[in-house]
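Q: One-letter residues, chain by chain:
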Amino acid sequence: MQEHDMSWVRTEMTLAQPAPAGERGAIAWVRKNLIGSVGDAVLTVLGIAIVLWIVPQVVNWAFINAQWTGPDRSVCATAAQGGIQPDGWTGACWAFVNAKFGQFMFGTYPIEERWRPILVAILFVVLLVPMLIPRVPRKGLNAILLFVALPIVAFFLLVGGAFGLEHVETARWGGLLITLSLSFVGIAVSLPMGIVLALGRRSKMPIVKWLCIVFIEMVRGIPLITVLFFASVMLPLFLPEGVTFDKYLRALIGVSLFAAAYMAEVIRGGLQAIPKGQYEGADSLGLGYWQKMSLIVLPQALKLVIPGIVNTFIGMFKDTSLVLIISMFDLLGVVKQNFADPNWATPQTPKSGLIFAAFVFWLFCFGMSRYSMYTERRLDTGYKR
Amino acid sequence: MASQEILREEPSRGSFINDPRIRSLFFQTLVIILVFGSIWWIVDNVIDNLRRLHIASGFGFLKSRAGFDISDTPIAYTSDSTYFRALVVGLLNTIIVAVAGIVLATVVGFAVGIGRLSQNWLIRKICTVYVEIFRNIPPLLVIFFWYSGVLAVLPAPRESIHLPFGSFLNQRGFYLPRAIWGDGSWLIGVALLLAIAMAWFVAHRARQRQRATGQQFPVFWTSVALIVGLPVLAFLLSGMPLTFDFPKQSTFNLTGGFWIKPEFLSLLLALSFYTAAFIAEIVRAGIRGVSKGQSEAAGALGLRSGPILRLVVVPQAMRIVIPPLTSQYLNLTKNSSLAIAIGYPDLTATAGTVLNQTGQAVEGVFIMMIAYLVLSLVTSFVMNIVNARMALVER
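Residue numbers (my numbering), protein chains in the order written: chain W, 1 to 385; chain D, 1 to 395.
There could be a bad hint or two in this list.
[Unchecked claim] Pair by pair, the computed Cβ-Cβ distance ranges are: (1) VAL59(W) <-> ALA197(D): 51 to 57 Å; (2) GLY367(W) <-> PRO324(D): 38 to 44 Å; (3) GLN294(D) <-> LEU249(W): 52 to 58 Å; (4) THR213(D) <-> GLY269(W): 46 to 52 Å.
[Unchecked claim] Straight-line distance between alpha carbons at most 25 Å, and here's what the computed DSS-like set of lysine-lysine pairs gives: (5) LYS261(D) <-> LYS32(W); (6) LYS204(W) <-> LYS276(W); (7) LYS292(W) <-> LYS209(W); (8) LYS292(W) <-> LYS303(W); (9) LYS32(W) <-> LYS292(D); (10) LYS209(W) <-> LYS303(W).
Rather than coming from a laboratory, the hints here were simulated on the basis of the structure.
Small disclaimer: the values here were computed from a predicted structure and weren't measured.
Ideal placement from N, C-alpha and C gives every residue a C-beta, glycine not left out.
Modelling step: build the complete structure from the supplied sequences, incorporating the hints.
A: Shown next, in the form of structure tokens:
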């Protein structure tokens with residue numbers, strides 16, 4: 001009997017077929033992402049309603065009806081309010097921001113000396129950009145220039161009083177200058193201080209450990225305003241008679257101490273995540289405590305907690321706006337101070353000024369968070385479980 | 001010979017400088033000397049300075065007359081009350097705004113966080129835009145935005161915006177009808193308590209029965225019926241003892257009703273909308289943190305999407321969510337001190353006024369610190385209890 005071979009082997013690959021018509025194209029996307037079910041469709045309608053309600057209003061207010069230039073309040077006020085706009089007009093008063101831009105950036109820094117903060121800003125950007133791009137070489141030199149040389153140069157440029165530069169009191173500083181300088185110094189101080197505190201908290205020496213715990217928990221338990229109050233009211237009492245502290249320096253100390261306590265907790269999280277074998281391996285190689293920490297543990301721990309560190313930076317950048325409470329005028333403070341200017345007081349002025357300030361803060365914070373996400377991806381060694 | 005001398009030597013134990021115990025003792029002594037030395041120096045300076053400024057230290061000033069008015073007083077307070085009472089009013093205001101803010105922020109935060117995981121593209125994008133905007137601007141700016149940007153430019157009282165249920169909105173705040181409970185309204189409270197007790201009992205029995213026999217009981221709907229039904233029944237039986245005091249428009253202002261001041265409103269809205277952005281991220285991370293296998297396995301067991309969410313995903317997500325949620329609640333409480341910027345009389349603001357009037361800087365800052373530390377500790381204590389109940393029970 002002849003065997004009947006039923007098996008059949010395909011010898012060539014089938015060509016890839018396009019996805020079914022119901023699964024591709026714009027209509028399928030809409031069906032899947034917008035009207036997947038009855039509930040989804042209702043939500044979509046609701047979402048469209050919200051967007052249609054908000055977006056045209058915002059666009060109208062911020063762009064179409066907005067006033068971009070003008071000499072005084074009349075361009076942003078309706079006829080009833082003593083201006084030139086028709087009754088019922090609402091729109092952003094960018095003219096206000098335009099007119100006060102110098103103040104928003106530098107506060108009451110003398111106008112003929114404003115090239116100094118601008119020069120510092122240029123130096124800062126020139127040093128920061130190569131620091132942030134991973135491919136640019138000589139990171140060590142760059143870091144020394146950015147974190148050691150720049151602060152010294154910036155100090156002499158901004159404060160003056162030497163090399164023929166006119167002395168400018170910190171009381172005349174203001175605006176974005178204060179926001180950026182406070183947060184830069186705060187970041188530069190709080191990171192090393194946070195590392196020391198975190199190491200102290202995990203130290204085997206009981207006294208060092210308890211001092212660190214008390215400091216960290218005390219500072220984390222109270223609001224920054226209380227710390228600033230402390231710095232502005234108590235610090236003068238702490239010093240012998242006759243020694244006075246600059247108000248700016250007091251705020252700087254308050255903000256740095258506050259951020260250091262939060263930084264310490266973030267870094268402690270990283271230290272705890274390093275397996276014990278790493279510590280023991282370093283010990284068995286005969287490394288001392290500081291060698292072990294700086295060569296083996298900290299590089300791994302810091303890498304793990306980059307998102308947390310950047311979040312603390314962002315938090316600190318936002319928190320610098322609180323120095324307003326102890327009557328220093330950072331960006332937000334200057335904007336708020338200018339609401340009272342009778343030359344510009346209209347119902348639209350506060351909103352416009354605040355939205356401008358919000359936009360500046362948002363740019364910096366959003367930039368920082370995006371850069372941290374990028375760094376996280378770049379440093380991801382794939383060992384993460 | 002040199003080589004023999006070395007051989008004859010005792011095995012070296014190293015210099016005592018390298019002995020870790022002696023090192024640690026040395027460093028700790030150094031730290032103690034430094035810390036206590038600087039504390040002694042600071043205390044000495046403080047005493048010196050206070051004597052020079054003729055400020056008596058101590059907490060005796062708390063008993064003297066405050067002499068300043070407070071705009072929001074949850075308990076009776078006049079300018080004749082003591083400083084202590086002023087501080088208590090401030091503390092109560094802080095607690096009120098913190099609790100209200102925590103509730104509102106949790107509701108908004110959970111809604112937005114779940115929205116960011118929605119199947120719906122549009123909802124997802126709207127929630128993302130919300131989170132990215134509010135996370136990246138300072139809370140103080142949000143407070144100012146509500147206060148000087150939105151609420152201050154509302155119409156004057158005469159042209160108040162009419163809202164449903166006889167409430168009004170104008171630049172002086174938000175006016176709601178005030179509920180006035182008549183005689184016999186205590187019955188409703190009793191009925192509510194009774195209903196809660198009965199619902200708890202029903203839930204308990206239903207769980208026991210399900211363990212014993214496997215039969216389920218509609219606990220949720222029974223509880224809703226009890227908790228809503230019993231008070232309504234009591235309300236009807238006691239002759240509907242509820243009247244409303246509606247705000248009335250007079251020439252220059254609104255009278256009567258329940259008045260929420262713009263300071264409180266802007267602080268509450270700003271704090272809760274700001275914190276909600278962070279809570280949304282926490283909720284999203286929590287739900288994403290539950291592995292997909294869990295919900296797939298539950299589906300394989302035959303559970304539908306509702307029970308999967310309720311019985312499998314949410315209990316596990318809560319474990320991830322609660323610790324960071326606690327720190328957000330603490331942040332909100334601490335951020336409520338920003339009230340001072342718009343003149344809502346919270347603890348920091350009243351303590352600041354007291355501090356300025358009396359010059360008792362050390363005591364004032366000390367009181368503030370202690371009060372916030374206690375608030376933080378109480379909040380973390382409550383959340384730790386919740387966390388312990390949610391935590392994974394291991395052998």
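Q: Hints broken by the structure, by number, lowest first?
A: Of the numbered hints, 2 and 5 do not hold.
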